[in-house]
Amino acid sequence: MKILVPVKRVIDYNVKVKVKSDGTGVDLANVKMSMNPFDEISVEAAIRLKEAGIASEVIVVSIGEKKSTETLRTALAMGADRGILVEADAGGDIEPLTVAKILARIVADEQPQLVILGKQAIDNDMNATGQMLAALLGWGQATFASELKIEDGKAHVTREVDGGLQTITVALPAIITTDLRLNEPRYASLPNIMKAKKKPVEEKTAADYGVDTALRLKVIATEEPAGRAAGIKVGSVSELVEKLKETGMV
Amino acid sequence: MSVLLLAEVSGGELALDATAKTATAAAQLGEVTAIVCGTAAAADAAAKIAGVSKVLLCEDAAVANGLAENVARLIMDHSAGVTHIVAPANNSGKNVLPRVAALLDAMVITDVIEVLDAKTFKRPIYAGNAIQTVESQDAVKVLSVRTAAFDAAAEGAAAPVQVVALGETSTLSAHVEDKVIKNDRPELSSAKIVVSGGRGVGSQADFALISGLADKIGAAVGASRAAVDSGFAANDLQVGQTGKVVAPDLYIAVGVSGAIQHLAGMKDSKVIVAINKDEEAPIFQIADYGLVADLFEAVPELTGKL
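Going down the list, the sequences are from chains A and B. Mind the numbering: the first sequence is residues 1 to 250 in this note's numbering, read in order. Mind the numbering: the second sequence is residues 1001 to 1306 in this note's numbering, read in order.
So here's chain A without its partners, still in its complex pose (with noise of 0.2 Å):
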């Protein structure tokens, strides 16, 4: 079977990230980008499951500036099989929906058993694409996956919910998210950075789709967070003791 895991282009999850002040958004320019920390999580299930025999094929595939290729090579440098990039400009950050909507196109074209998303992408934090494809193509979904197992024709999933773990199977064809526990992701060596180069990387537009990439969201401002006042250092056990008892909460 087939295993389609979605990659996107964010800024790197240690960069400290700067409002710009004329409230438009937030500063991109000679920032360090990466692929989404939870996308790679969804690669490295996706590559497990081929090299356990049980996937045949592992595509990714990018939505967003032509940069994007970029996280599909490394995508394929830690052993996924081809790229597909899809250009596309809403005049802001690619919505959830419209990725979607993408992905349920490529799905129906490449018709994979599996599709692996990251629960959220750490830019726009939205938590949603892989729970809107599923809707989309009336698939069953298992989100926020910390144990993944393929069985009898199902997906066993343990999945991260408030009050500790939870596991449920979900028939395939299905759509997972995974979260942080999954896995650690793995590098890649040097010589398959170099063969990754040579792997194919379609390119398609969101034109290709016939998908409308308009905003629903239209981003009325973009501001910093409100500051904390600096607070001070105590000496001891015991002065903090005594400003704990002033706030009167112990």
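It is possible that part of the hints are untrue.
Derived DEER-like restraints, expressed as beta-carbon distance ranges [said to hold, decoys possible]:
| # | chain 1 | residue 1 | chain 2 | residue 2 | range |
| --- | --- | --- | --- | --- | --- |
| 1 | A | Met-249 | B | Ala-1154 | 16 to 24 Å |
| 2 | A | Lys-199 | B | Ala-1165 | 34 to 42 Å |
| 3 | A | Lys-198 | B | Ala-1061 | 35 to 43 Å |
| 4 | B | Asp-1229 | A | Lys-197 | 27 to 35 Å |
Honestly, the hints are just simulated from the structure, not real lab data. Beta carbons: idealized from backbone N, C-alpha and C, even for Gly.
Since the structure of chain A is already known, use the hints to place chain B on it.
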């Protein structure tokens, strides 16, 4: 304006705090109908929340475990004429709402921290390093509410409860089991005091220092991602961008360095205390009271003196 509110239910019972906080946001948008997937007692509890004018109770086993296909179907069955669909922005709400939004061809609005008007909302992006104001262009607005940003609606109403059935049951997914850790501590998201441990705690055994302090002062226990990844604490205790977002009256961070991703989950706490042996740790930049000390000496002493 007519709002459908998906109540939070845990083990069949109403999670009152999260639901009442979400109701505060929902009541700003219109008349609120709460959907409860749980027991009759849970529905009665939801009916008492101020601002809730009607409760729909579904006792069908197919929605009892929060399976998204069925809960989304139930919401869709009752979405005629509705202008807003709202749920707490926790894992169960985030599992279901985007599915509902896509079925309505609407974009979901995640983690709303402020309602400006019927179509304009504030929400954090980039782990809370920026706050975006967005105006929805969709006919039906589907939004999840960050409960830490709203006060709980009072109790005292007596809304009518109507029992509803799930029209069509999906068998795409099936529930196997829940592994829920039960203890007597307050629930992390709604606790007044939280004691959190980080990588500096060093081991699962030493995490008992954190829970010992928490128990002494009636606090909930939290953890940083590093502590959860290292197996010191359970996954549902993770505080941060991708875990739980809390805003207690008092947050005590022990051996937590203060990565941006952790700060995103606790920086709106009223009073923040940090105990860390590294005086350069970023957590001190947002702490009201910082103590540079070895946690293995400071925490037992603090527990003893409180």
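Quick rundown of the hints versus the structure:
1. Evaluation of the 16 to 24 Å hint for Met-249(A) and Ala-1154(B) yields a pass: the beta carbon distance comes to about 22 Å.
2. Restraint check, Lys-199(A) to Ala-1165(B): a C-beta distance of roughly 51 Å breaks the suggested window 34 to 42 Å.
3. For the pair Lys-198(A) and Ala-1061(B), the supplied restraint of 35 to 43 Å is violated, since their beta-carbon distance comes to about 53 Å.
4. Checked against the given bound of 27 to 35 Å, the beta carbons of Asp-1229(B) and Lys-197(A), roughly 32 Å apart, stay inside it.
When the structure is compared with the earlier hints, violations turn up for hints 2 and 3 and for no others.
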